[in-house]
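Chemist: Residue numbers (my numbering), protein chains in the order written: chain A, 1 to 240; chain B, 1001 to 1295.
Worth flagging that the hints you see were computed from the coordinates, not collected in a lab.
Just so you know, not all the hints are guaranteed correct.
[Said to hold, decoys possible] Residues from chain A that face chain B, not an exhaustive set, calculated with beta carbons under 10 Å: (1) 86; (2) 87; (3) 105; (4) 109; (5) 112; (6) 121; (7) 122; (8) 134; (9) 192.
Glycine included, each C-beta is placed from N, C-alpha and C at the ideal position.
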Amino acid sequence: MPVGLQAEPSLGVPGKKRWAMVVDLRRCIGCMACVCADKAEYDVPLGVWRTIVKVKDTGHYPNTKRHFMPRLCNHCDNPPCVRNCPTEATYKHEDGFVLQRYERCIACRTCIAACPYNARHVLPKNRDRVKIGGVVDKCTFCSHRVEKGLAPACVQTCLGRSRIFGDLNDPDSEVSKLVARHKTVVLKPEKGTRPQVYYIKPERAQTEQVFAAPQSYAARSDSEAFYKHNRGSKFFSGVL
Amino acid sequence: MFEYMSYNIAPWGHEIVIYFFLIGAASMTFVYAAAPAVFGNVFGGIAKSMEPFQKTGLFVSLILLAICGPLLIMDLGQPSRFLYPILYFHWTSPLSWGSLFLPLFGLCILGFYYGSMKGNQKLMRWTGIIGSLLALSMPLYTGLDLMVHQTRELWSNPTIPLLFVILSMSSGTAVVAVIHFLRGQLDEQAAEFLHAFLYISLAVTFALFLAEWVVLNFGTGEKQQAWEIINQQFGFKYWGVTFLIGILVPLVLVAAPKIGRNPKVLTLAAVLSAVGAFSFREVLIYAGQLTQINF
Ligand code: SF4
Ligand code: SF4
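Next up, chain B with everything else stripped away, as it sits in the complex:
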């Protein structure tokens, strides 16, 4: 049987996947760095365990941001017009909001850094709070950017923004854990703090992974097509890298009562979860573009 159909392919490639990953990691790294100033003595002062991490955390999230911005700009067909989403702001496009929040987030990091240099607690607190909200908005807007595509059913799903926030929590925790571990600062309190966040993020990711399975298998024709594409073209990445290496193994590691808080195990679990966070997004972004193209 013959069929001839031309394709114009929606080209969101690895730049976008890397950007989504790095901006998520940068955001959560900042949230961790700002946690002592934002939360202070709340929750028994456990956030204070991040104090030694403050300067490094700010530095790392600034570096990640300095990679993200240019990467996103270079991905445009017209890089010199990168300010247009702000200049010609279109309120119904999450991309416009993201372009606005990204530099503001950068300013908050700088403000927080300035405050910490001068010992200005008030400035640190305010830039910490606003910066953390903007940091949350980063993975949120990347998820929304997919979700608003009402015509692509794999993306048009209210769990996607939530999933992206949770995945950024995993990758941010990985950055913090690795740095702490390498500097020998992963003491009991810090391990407790990171363990809690990693446990929550992995458990929620696991639940959302299962939800995705149900939704795609019990869904419309297009959802079933997405499921087929995921299993055929991205089978190894989805089941092997995302589910097994990126969700299940680290979840078992952090859930194990005896070893879960061990610095080495915790760091390993965090790194694995970051690998999963990357490939989960990658599969969703790519497979979402491939549905419907035969119609």
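Pulled out of the complex, with its shape left as it was, chain A reads as follows:
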């Protein structure tokens, strides 16, 4: 039984919800609308992301293919970020959301180090519009929308209907049917985190990439710019 969580894993527990996402990679066209919707929903600052779409080309001309892979917090059923948080600022909701209490987070960044999916980031201080800053933030599966019966912003906006959201404990939900009928994979199952974002038909190049460095560092330089810009009084030194 996992320790240090505030709610037990709910996958397959009768009478409980287990919110999950299925990402059908056959349908993703890499439009990044989900990233934009998410940035708009939460005013996510430049340089950090709650969700992203990873792009990768494989092969050599003329035999090439471009792959897209949406990434977000996996709302793990056994989340190491929750176990390691010294203040219980990040916690597990009994319906499966892994959420953040901003008023409690001290931004020690332990949870960032604990997450194997790079799903967390620090919000810089001195933000212009939304004043929440100097704390760690992450994808919430849009719990505020889901509780009102709406789909998460990224799911709502997904043009290819690649992202599908629902309760995996409900056998009639679309996610349950997809998971039952298709070959799905989760990312890094060997880490014991029990991730709850299921991918249909990912390429091996997308999922088994631990050892290969990316060929283009375009996005990495964005991150570096972000951390350099926010150093000093606004932030801490960082590893870069």
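Dock chain B with the ligands against chain A, hints included.
Modeler: Just chain B with the ligands, lined up with the frame of chain A:
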């Protein structure tokens, strides 16, 4: 071939590295200062050679602690909430335990100091014993803080807490040796005492360094990636500063039968080992954060 991936980088920077180093040094300095009161006549009373060091040692470890605490607090995104890990104590987080033990350790130093002022042997003994245990828990919790990250294979390794304790022994010995040396108190007995500790800590560090080499080279994809990062980005720090300057040279110096106990050589070896203790931790902390970020 094109690839686009965004990164959120886990930002544990030099504050954390310096903190890990200083808290280790502060802990072992206290253990040395408290050794005469804790061990008394055990082991032939060799710990008594630290008696002249008692007050200075307490003072130095208090100063180091007074740097460590604020440094750690300033590193938080929300420094004013520094008490939250104690107020909202989370038992599965080593950071919570560390935040609890750190002030208790400080109290033990003060208690020991008070006892030594009043000549209260009983108080000194008890605060010495409890303080030494808490002192050991400091490098231990910093190592555990890395070890519990089950998903980062460079850190998730039971030798890390042990390594951090051993490294803190080196840095503490360096503090004590330098102070003794500068005050001309590094007599034969004190040199013998420090030599033994330095020898043990360097030998164990050497063994753990080799173990790390084997584990990373014979390990999983992520471990091999860590090894590549260490060699590419931290090659000089790992092989030059940590291994050569920080482990091998001082180990040879203390192992040399004729010169190993010479005050000058011993002090030099101790200082070099402290340099190694710093950079070993630095490389492990940084490289551990860089694995996986391309996935
Ligand atoms: S993906 Fe990362 S942040 Fe999300 S629940 Fe899992 S460990 Fe935590
Ligand atoms: S940064 Fe915040 S949420 Fe993350 S571990 Fe620290 S206190 Fe918890």
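Chemist: Hint compliance check: list the failing hint numbers for this structure, sorted ascending.
Modeler: none
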